[in-house]
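Residue strings, one per chain:
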Amino acid sequence: MRKLRLIALGVCLIGLPTMCRAENKCAWINEATVSGLLGGEAVGAVAEQVAGQPAVCEFTQHNESGKRTLRLTVEIAGDAHARLVASAQICGADAVPLRAIGNEALICAADEHKSQMGERLVGRVRDQVFTITISTTLKNDPILTRDEIKSRIYTAAEQVSGNLF
Amino acid sequence: MRRTPSVLFALAAMTAAGYCIASVQAQQDAATPAPPPAYTPPLKGAPPVEDTPAQREALAQWKAKAEQRLEADREAHNAVVTPSYNFHYGKETPFTPGNVQVQGEGFLQPGAYPTADYCGTCHQEAYSQWRHALHSNAFRTPFYRTSVNLLIRDKTRGIAFARHCDSCHNPIGVLGGALTEDSKVDRARFDSDGLTCTTCHSVVSLDSTNGNASIKMGVPSVIVDEKGERIPGMVPFDMILKHPERHSKAVMHDFLHTPEFCAACHKANLPNPLNDYKFLRAFTAYDEWQQSKFSQRNPLTFYTADFTTCQGCHMKRNANALPDYGAKNGTFASHRWLAGNTAVPFYYGFDEQLKKTIEFLRAGNYLNVDIFALKRANSDDLIAPLGKASYSLAPNDAVEAYVVIQNKNIGHSLIPEVRDLYEAWVEFTVKDDDGKEIYHSGFLKPDGMLDPRAHSFTNRPVTDEGEFVDNHKVWTIHSVAYDNTVPAGRSVLVRYQFRLPANATGAVTVTAKVNYRHLRQSYLNNIFGKDHPAYPVVEIASRSRVLKIGDNAPEADDPADNPEWMRWNNLGIALLDQFQYADAVRAFTETVRLRPTYADAYVNIGLTEIAWEKYESARLAIRRALVLDPKSARAHYYDGLLQRRAGNTEQEIADFRTVVDMFPQSRDARRELGITYYQQNDNPAALEQFEALQKIDPDDLTAHYNLSILYRRMGMPKQAAEQQAKFVDKKVDPGAPTYSLNFLRAHQEISTESIPWHMHSDLDNDAGSPSSGR
Chain L
0 MRKLRLIALG
10 VCLIGLPTMC
20 RAENKCAWIN
30 EATVSGLLGG
40 EAVGAVAEQV
50 AGQPAVCEFT
60 QHNESGKRTL
70 RLTVEIAGDA
80 HARLVASAQI
90 CGADAVPLRA
100 IGNEALICAA
110 DEHKSQMGER
120 LVGRVRDQVF
130 TITISTTLKN
140 DPILTRDEIK
150 SRIYTAAEQV
160 SGNLF
Chain W
0 MRRTPSVLFA
10 LAAMTAAGYC
20 IASVQAQQDA
30 ATPAPPPAYT
40 PPLKGAPPVE
50 DTPAQREALA
60 QWKAKAEQRL
70 EADREAHNAV
80 VTPSYNFHYG
90 KETPFTPGNV
100 QVQGEGFLQP
110 GAYPTADYCG
120 TCHQEAYSQW
130 RHALHSNAFR
140 TPFYRTSVNL
150 LIRDKTRGIA
160 FARHCDSCHN
170 PIGVLGGALT
180 EDSKVDRARF
190 DSDGLTCTTC
200 HSVVSLDSTN
210 GNASIKMGVP
220 SVIVDEKGER
230 IPGMVPFDMI
240 LKHPERHSKA
250 VMHDFLHTPE
260 FCAACHKANL
270 PNPLNDYKFL
280 RAFTAYDEWQ
290 QSKFSQRNPL
300 TFYTADFTTC
310 QGCHMKRNAN
320 ALPDYGAKNG
330 TFASHRWLAG
340 NTAVPFYYGF
350 DEQLKKTIEF
360 LRAGNYLNVD
370 IFALKRANSD
380 DLIAPLGKAS
390 YSLAPNDAVE
400 AYVVIQNKNI
410 GHSLIPEVRD
420 LYEAWVEFTV
430 KDDDGKEIYH
440 SGFLKPDGML
450 DPRAHSFTNR
460 PVTDEGEFVD
470 NHKVWTIHSV
480 AYDNTVPAGR
490 SVLVRYQFRL
500 PANATGAVTV
510 TAKVNYRHLR
520 QSYLNNIFGK
530 DHPAYPVVEI
540 ASRSRVLKIG
550 DNAPEADDPA
560 DNPEWMRWNN
570 LGIALLDQFQ
580 YADAVRAFTE
590 TVRLRPTYAD
600 AYVNIGLTEI
610 AWEKYESARL
620 AIRRALVLDP
630 KSARAHYYDG
640 LLQRRAGNTE
650 QEIADFRTVV
660 DMFPQSRDAR
670 RELGITYYQQ
680 NDNPAALEQF
690 EALQKIDPDD
700 LTAHYNLSIL
710 YRRMGMPKQA
720 AEQQAKFVDK
730 KVDPGAPTYS
740 LNFLRAHQEI
750 STESIPWHMH
760 SDLDNDAGSP
770 SSGR
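Protein chains in written order, with numbering that gives the first Met the number 0: chain L, 0 to 164; chain W, 0 to 773.
Just chain W, same shape as in the assembly (with noise of 0.2 Å):
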């Protein structure tokens, strides 16, 4: 009894500082790492240095002896593993449901990786970034572990199945065999790892773009010989530092700076095996890229921008604060891979990691918030653009806000990935002079859960009983009820209604902020319980605009404002995608009354009637683009499907060439004119676009249905037969629209969420919108 009150304060200063004390990092920094062996660069275009025949020779027998180590413990360690290893898809599957392949023939033991350590030695600014970095915490963090036990802890499923999910988290565990139910392998060398270094820096190819890890394992390798042979394992580093040019031939491969690396893990599918279901997208974070202004593979695109890969904003170089034989004229690629995640750093009290991450989400301009109108109830006129227009309120006014956020700068999905569990939001504010509250949506209740009625950029998938799937069990999606994330380049309308209080004087400011919070509040409980400490919410933009009551008269810009031009697109770009052609129409002729020459203007007149079915209309404005840019491909692009519609065969074929011509990744170009061909019955031209696509994108169902038809005409029928598997596994079950149907009716409170023309309103109006904010 004594000793209580010491234990018990101990534990109360953790509660109380919603943890503790002796931090990972301190206890996985605790000492400072020794010098790295010494080294002196070649100089810059000097060959490298010549090896001697004495030379040469010691560095084969160290091969032949490496070689032998390595085949002899990976003899030894698939002699334990595999008896007990549960093969659960078959001998030739073993990683199933995962795509990730390993060199060689059966289990890799973990102890084939060079260790982060070891790498560390030489570069200590790259190991002291990985370690802080999402990518070495990939498989520990109670965030990942509480998801993927739950697989492993389902009665129907178990260990196995989790292959799918630690493929990309923790391949060296599956590649090793550990996934099983009786493991034999010792877990402790590389569980906290995650992704080491050895293990991106050993991939020798990629599969394909499907994702799950569709990546082949080399054996790990730090030096390759004077004939580009791979040498397994760690070497001296004098070997390495002698023949740099050597250690970088076996370790940076140029697929490692492409997207298509990156796609490997950052396009996950829930495929059959793991749900027993069907073929259902989980996220794809690099489709999105490459649909986007930054991959300029897309004709499509609203605006348009400079060459970006994911590396180019996740990796940017930065100056190095430790050593690295790596670094160039001081800058290394950063190995942060600074992102969205604040909770894995927050959990682990990296407090350097957390400090960056949420720079990088507020740098960048990635968003912009714009306060663009204002609307009286029961009146049908804009007040818009603000900060232009004059107007004016009274006290007791019903006022209706549009918000138009755009996903400006952000080469994917705001938010990317795992929606259901990450949570942006927008919350809007509406305050007297005082500061007193008039109207609040989005807040945080005092639990910590979002207002149920905030607009989030977030997804609900559901199971077939039409239940959120609330802890990430997404072996059991089987819809999604809605998905309001907003595409790169795009923008979407929130719309606010409230009241002007009746005794209002001076002015209100009104405030839209976006949030983000990674992660969900409930999901936070489903790992912790409810006794956690709040985890960051992060700002990332926001717009604060002062209504007078009375008569306001148009003032200055604010610099991060867009210009009116591209206020008045992204208002139509929203409306566009809300359906609501006749606005999107009118706000587009804005953009064109204020930027005559700007022919993608036009376009965006030309795409939405075409939406709107007014093809006369559509094939006026499109042809002014035309005239106005002659080689614009987007026009050319929505030419050509007003071409088809005319019957010009021959001018939409060669519309859909041009597009294709310019940018043959256009995966909409490709598919038309796939489509075209097929309808002429050229069934070799046909075929060649279908495949194009479906090299761009493995899970185009057009291509899927319209090459299961060609190769059958074509007497091919095996591949016929692939394709129409594809195709049947990867359609919307037409049974889904219920399920989510169920969700939406049994959650009125966000119901709304799923029509994309919705108000957020504490009146009770003449439309009937049920009540939210407070």
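Chain L extracted, bound-state conformation (with noise of 0.2 Å):
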């Protein structure tokens, strides 16, 4: 049992920083949600903020032809509003800002590579900057089309800068 526990350990020690399979706990919104937002069952991992790392929340989706993903990024920073600044710049002229999200909020697309569509929100509640992106790889994607992950990540957003105020 105790060779059965290092050996976990060690693979969630290897797997830092990026992911340490946990319970779902993420503090900004939670994995019914998701699943709801992203159209079917989704599993979600955290990650803490570590010293120059954000609280990294990921959930997925599977599906027999692609996933669904919703990524939230949560960190406190010192200059917020150049920090939401610095994390929108990936966004480039397309950057949309929006109301009611927040102190302040941009939307983006984030269409990674060609077979995954997605959205990208950059957020600020004081001095807490976010970041949600939303994708899917399911070719022509009958519930997450570029409408739906638009309305969706705004929902999203709803929820995490309203746990965040």
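No lab work stands behind these hints: they were computed from the structure.
Using N, Cα and C, we set each Cβ at its ideal position, and we do this for glycine too.
Wrong hints could be hidden among the right ones.
Unchecked claim - Listed next, with one range per pair, are the computed distances between beta-carbon atoms:
id : chain 1 : residue 1 : chain 2 : residue 2 : range
1  : W       : GLU180    : L       : PRO141    : 32 to 38 Å
2  : W       : GLY227    : L       : LYS149    : 42 to 48 Å
3  : W       : ASN85     : L       : GLY65     : 32 to 38 Å
4  : W       : PHE254    : L       : PRO141    : 42 to 48 Å
5  : L       : LYS138    : W       : ALA78     : 33 to 39 Å
6  : L       : ALA81     : W       : THR257    : 49 to 55 Å
7  : W       : GLU180    : L       : ALA81     : 33 to 39 Å
8  : L       : ALA81     : W       : PHE467    : 28 to 34 Å
To be verified - Which chain W residues stay away from chain L? Per the calculated CB distances, all over 12 Å, these:
id : residue
9  : ALA37
10 : GLU74
11 : LYS327
12 : ASP698
Two chains, two separate frames, one set of hints: put the complex together.
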């Protein structure tokens, strides 16, 4: 038994800092909510914030023909507005500011590669900066269309920013 | 790096515009709603459509399936939610410290509630108004979330305690078992809709007028069958359109039109299970209304008015702009619930809601501002009322201005409810001919904070350490250092002292405004940090007067001014509340002079003299009132008090009985009559009065105290113990004033606000008033 625990710990440590699969204890959005947003049962994993790295919650909903993902990062920043600007640089000119999400927020497309469609939202609540990415690798995803992703990422952002306030 | 400028530009635009761009309204209303399904309303008086046997059978099958589906879903939901749910207060009370209850066993799944989109198909006007109103945003706003999150994060409390707040702000979440540490509930299904259509319209009974969501939620249903039995869930629209009367029966209970329904949430207390201290009344707009002239339940109001409910002011019928099958003659009861909240529409960019809210605040003749009198330093002569009196002013005169602010037509206090967050105050300015400021009280500082010495209609709740509860951590409240809100129908006198410049010529203009802001700046800072745009400040009412240096003659009335007798009467009311009994009697005597047949003016003199313990002259005034108006319940009430003092028990009982017969819901008359019977050892009669009183006001301490004794005497120990426990829990903590004093001692800049008779001054005068204004 002790040996098993050590092996488990070892696996966990090797996995760090990416993701240590743990209980669903994401403080800002729960698994049931993300399951609803991703259109199927999603499994979450959490990494606490460590120096220089934000806290990460990643939820995946596996499907026969691909996967849907919601990834959330949260960090506290000294100059949070500047950090938000830096985080949003990846959006470039496509960034669309959003009203009524936290203190400020932006949204843009996050199509990392051809086989993945997604949206990214960067927001701030006081000194806390968060990013949410929802993406799908399903070809012609019947649930997560571009418009649906935009709508659902907004809902996710309301959940996250609401819990950060 | 190449991309940075565009991002910066976008964010700069947001910040400069005080946000931006893709507004929530646009996001939520982007699609033009499809036209509702075709519908021809039945002719007025036409009988409901009769179903054929086959249709009845089909409906019965639908109902059976709907019930089966609901029960199966509920069972499955409970199987997921219950094992990890935090039953902090026991399995039997899963929603404590809220009072909300639900029909049936266990938690009710959020999917049981027909969605607002569904209702909005036929009720497009209602949907559109609701989406921008406070009820739909009851949960999600930063203003609420910041506060409730503090409770959730509190080390000795946590999310289970938040059921107290969310029972009203997010009942679907509470009843669905979402408020627990490891929630298994999909919150995206309901959080953004706060109080959706089928929360209010699914309530099946009001448990009491205790507040804190004292309702029972039914299993949501939008139609009943021919026997009046509820069919759960959403049904095809043609089913509703064929039987609109059955739809009404399911969703339109009569109590929806009553103030008692609003009381379920517009009355709140802080119970011991929340604060681990004792019962404290948080707010009660309902009781304030019940004590106002608009309820016609209280004979002791200073003025009278037509009966008006909460809905009468906050749900006025308007012509509908969008199709709505609930409209009658082209009008629909407003689902905007216009009131004072400008912060939510400002944050979300609901411009129409914001505009209408501001119009609402400025309309309705809610307040009267009266620059009533002047007094020169070192003189006892009151120059009053301004506009009628002749007087002269000289340069360098130190002048005291009396500003009387009347809560004239609000059915509750100015300001109601969360008065530690909402901010109304008097802005008083004196300017010379060139517009140069001579005196200014109630200004906003560059950081947005209100002049700390402004006269504000707020309160200051404090902790047991005497610290101001700045961030609405209501569970830490132990006392209230002061509460300067103005009850419905009453008036307040605010006094300002300033000196005219030595070189003054021409005239000076004095202006008194009542401003309102939602919310206090330091609370906004708690929510957003300091980098947020300035939130709207609304001028609700104002009055200016020009004071000439030299001689001033009487001038024409402003159409908005109260008649002269009422101006004196309001001054008297304000002085009475500030314990200036002699001056109050003088003011009421002026009312008598101007309106000699007005019985209430004599009652006002009498009740002031009772408070002043001048019973003989009080008796003369009340007698005079009864001669003028023998049916005056108000005069009979005070006569009853005087008869008690004189030992005329029979007349005392007769007086109070008269009042109770005329006003069965008069809590004061019930209380006094109960006391009289108690003193006469007429236990059954006393019991009847105190039980009736408790039905009107479940928190009345006199009722708790006397009922505990009466029940014991009558061999009902269980009920006696219950009343005793409630009395002990609700009575004022004798230590509470100490907490308040600790706060006031540490905050001298506003400590004078706790003294009813105080002056706002920038002069170092004999009275030693601290300076204020600028």
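Each hint tested on the structure:
no., hint, result
1, W:GLU180 / L:PRO141: 32 to 38 Å, "35 Å, holds"
2, W:GLY227 / L:LYS149: 42 to 48 Å, "45 Å, holds"
3, W:ASN85 / L:GLY65: 32 to 38 Å, "37 Å, holds"
4, W:PHE254 / L:PRO141: 42 to 48 Å, "45 Å, holds"
5, L:LYS138 / W:ALA78: 33 to 39 Å, "35 Å, holds"
6, L:ALA81 / W:THR257: 49 to 55 Å, "54 Å, holds"
7, W:GLU180 / L:ALA81: 33 to 39 Å, "34 Å, holds"
8, L:ALA81 / W:PHE467: 28 to 34 Å, "33 Å, holds"
9, ALA37, "29 Å, holds"
10, GLU74, "17 Å, holds"
11, LYS327, "34 Å, holds"
12, ASP698, "32 Å, holds"
Hint check: no violations occur; every hint is consistent with the structure.
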